[in-house]
Amino acid sequence: MAGITPDQIITAVVAVVGVPLVLLGYIILGELVIERLPDSVQGWIRPYFWALPAVGFATIFMVYPLIRTVIISFRNSDDTDWATGAWGAFANYHYFFTFPDTLTSLRNSLLWLVFYTFFAVFFGLIIAILVDRVRYETIAKIAVFLPVPISAVAASIIWKFMFDYQPPGATQTGTLNALLSVAHHDPVAWLVNATTNNAALIFVGIWTATGFCMVIISASLKAISSEVLEAARIDGANEFQIVRLVVTPLLWPTITVVGTTMIINALKTFDIVYVMTNGAYNTDVIATQMFFQLQHNHNSRAAAVGVVLFLAIVPLLVVNIRRFQQQEEQR
Amino acid sequence: MTEVLARRSSRALALGLGALFVLAACGGGGGSSGGGGASTTDVTVWTAWGGAELKAFQDVLKPFESSSGIKVHLTTNRDSTNQIANGIAAGTDLPDIAPGPTDPKQVKDWVSKGAIKPIETALGDQFQAYISNTYPALTTPPGGASDDLYIGVVGGKHYEEMVKTQVKGLIWYNKKVYNGDAPKSFSDLLAIDPSKYGASKLFCAGFESGAASGWPASDQIDNIIMRQSGDQVYTSWIQGKTKFSSDAIKQGYQTFLKEVSPATVYGGTNTVLSTNFAKAGDPMFKSPAGCLFLEQATFITSFFQQDFPSLNLKAGTDFDFFAHPSMGQSQYDGNVNGFYDNFSMYNDTPAARKLMQYMATKDAQQIWANDGGTLGAIKSLNYTDPVFKRAADVAGSAKNLLVTAGDFMPSDMQKAFWQSLLNVTNNPGSLNSELAHLDQVQAAAYSS
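Chains A and B, in that order, are what the protein sequence lines are. Position 307 (the first sequence) corresponds to 815 in this note's numbering; numbering is contiguous. Position 385 (the second sequence) corresponds to 1349 in this note's numbering; numbering is contiguous.
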């Protein structure tokens, strides 16, 4: 962007050079002081001294905003007084849980949570197992993984073209409708039609996420010892039984981690909906709803949406971290 | 020995770094202060324009820069309203001049924080000339100057300088296809048989516009309501004082639904909802013609020409427009729908004032008119393009030049209003529930 002032350059230099220098100065000067303390005190104080910058940054940039968001969610939109209305100070939560628009977004987020998570993990698992058994595994994996590095905004624009609609009889420029016209079927307005639009959006999400699930599951699949599979074969199990009774249970911890990550992604979904429909025709999700509230200067309602979203995600984070810990212990 | 050396060197290092630490801290302090100042030689301007619109603006600025010696630092910023809002909240530097927001609540908020400076201050003794030269509807709310929450007027003071206008609600047609007269009334318009002219449907329409989908539909219903129920109802509706479920607004929705019924529009409902507004008129120029008419603002002419470069379409000979027909209430026939571009002053510097004064002059605005694609905000400009000449007549002869409703509603109301039009077009049976929902949004949007 044009119009960078000397002030901005100075600020940038200070941020890039100054901040690390300040940190280094903190450590070296602090160590000079600690060195002079008695040994017993040194051992006690040193970990706290080293952890302080990290804890400080986390407090300033994560804990404080979190607490502030919770407080704002109980305030009025100008943050001049506590919220009033139905449910008293919980007025913003009353709005969230009773207003038709937010309820629609809640319903859609649930749809995302169920279908996006299930299909992304399911396809990821199936593809990982299938490509494990073929010679062209790398190429197949690359093909499935390709959508992952594409930004969701770009993916949405690609799929907007795929879903494009032209009047019946005219040449269909959208790939899906072109296929339908080959089958002599009327074109479908995928993003307008209430029965297809949420499915279409979720499908784009699945398309971008399947590759990620596949890669993680595939890595864990490679870790399964071939002796285990051989033993199962010798015992007379067929390939379906091996997948169902041996491979899947062994992959289960990985599937849970991937699944919870996908659930968190589903709840955070924003870009695909924002770019493709902007929430029109009842396609809003919680995250777009939060953005719209902010955009419309309803800061306290946005904060309430954020708190609800946060509370929904916390149990999943706990499950995820527990799983990681269990896996660490197993090693 | 080595230990002593290591200690010494680490101490030296510590001292050096400590000194740097102090320097860095000072640098930080120095970096955040400074900036700005009341410049007489430089002015920073943000605009959302790109392409031909940006070029026209640069043409407007050229004579100013050479005659005044003031350097204009122009940046195209399509997110300027959000960025200025953030800048105001954070107390960081704002551009000297940038478009003012349309959302009346935002204008009021910024004025109360002292972020926007009055045009009265910017123009000084030229202010009266600005008021008398500019289309009155762009400077005076229908309810008088004290009528807040409208076109950048707060507490009787003006905060947005109008520089360009577009006339909306014009009915465009391909002159090679439609050779009839302008219909006298809206019902006459609906009664025209497209097959008589070899076209398959009466209207083309396209309501898709990315995140702003639905605005083209809102223009259509605005033009109905202002001529059906009058400017007072229209304005009080914008201000949130008339409910969506009221008879006047409901009647507007019902009339709008006649205009976009599947039997009337090219390609049917799904086509209308899936087609981008810029491409909506294309079927008019196909052979055989897909439709006879497209209702759209003056700016659409450049899209006609862009979409069919091989036809080399000429304004006035290949395509033309007639003004929005009467809704049968002759006392409201003088209500015309317009849109404007504005600039607000965020830093009161001598250079910014000079530029604001210059943009309000006839000389500056004539350059905009010459570059085409728009009307100026001043009444007495000359247009070489026959279509814009007539559009200026429409604007000039209007009794009331009324703004576009959605743009002046709080932004959540605007979004719900636009989407409701998409929803009723998709499913006319949902009209009553949509209107009830809009009442709910209205109550929530205007109260807090």
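Watch out, some of these pointers could steer you wrong.
[What the hints assert, rightly or not] Using 27 Å as the maximum straight-line C-alpha spacing, the simulated DSSO-like pairs for lysine-lysine come out as follows: (1) B:K1035 <-> B:K1243; (2) B:K1019 <-> B:K1205; (3) B:K1140 <-> B:K1243; (4) A:K668 <-> B:K1250; (5) A:K730 <-> A:K668; (6) A:K668 <-> B:K1243.
Please keep in mind that the hints were generated in silico from the structure rather than gathered at the bench. Values in this document were obtained by computation on a predicted structure and should not be read as measured data.
Now the hints, each set against the structure:
no.	hint	result
1	B:K1035 <-> B:K1243	39 Å, violated
2	B:K1019 <-> B:K1205	41 Å, violated
3	B:K1140 <-> B:K1243	19 Å, holds
4	A:K668 <-> B:K1250	25 Å, holds
5	A:K730 <-> A:K668	37 Å, violated
6	A:K668 <-> B:K1243	16 Å, holds
In the structure shown, a violation is registered for the earlier hints numbered 1, 2, 5, in ascending order.
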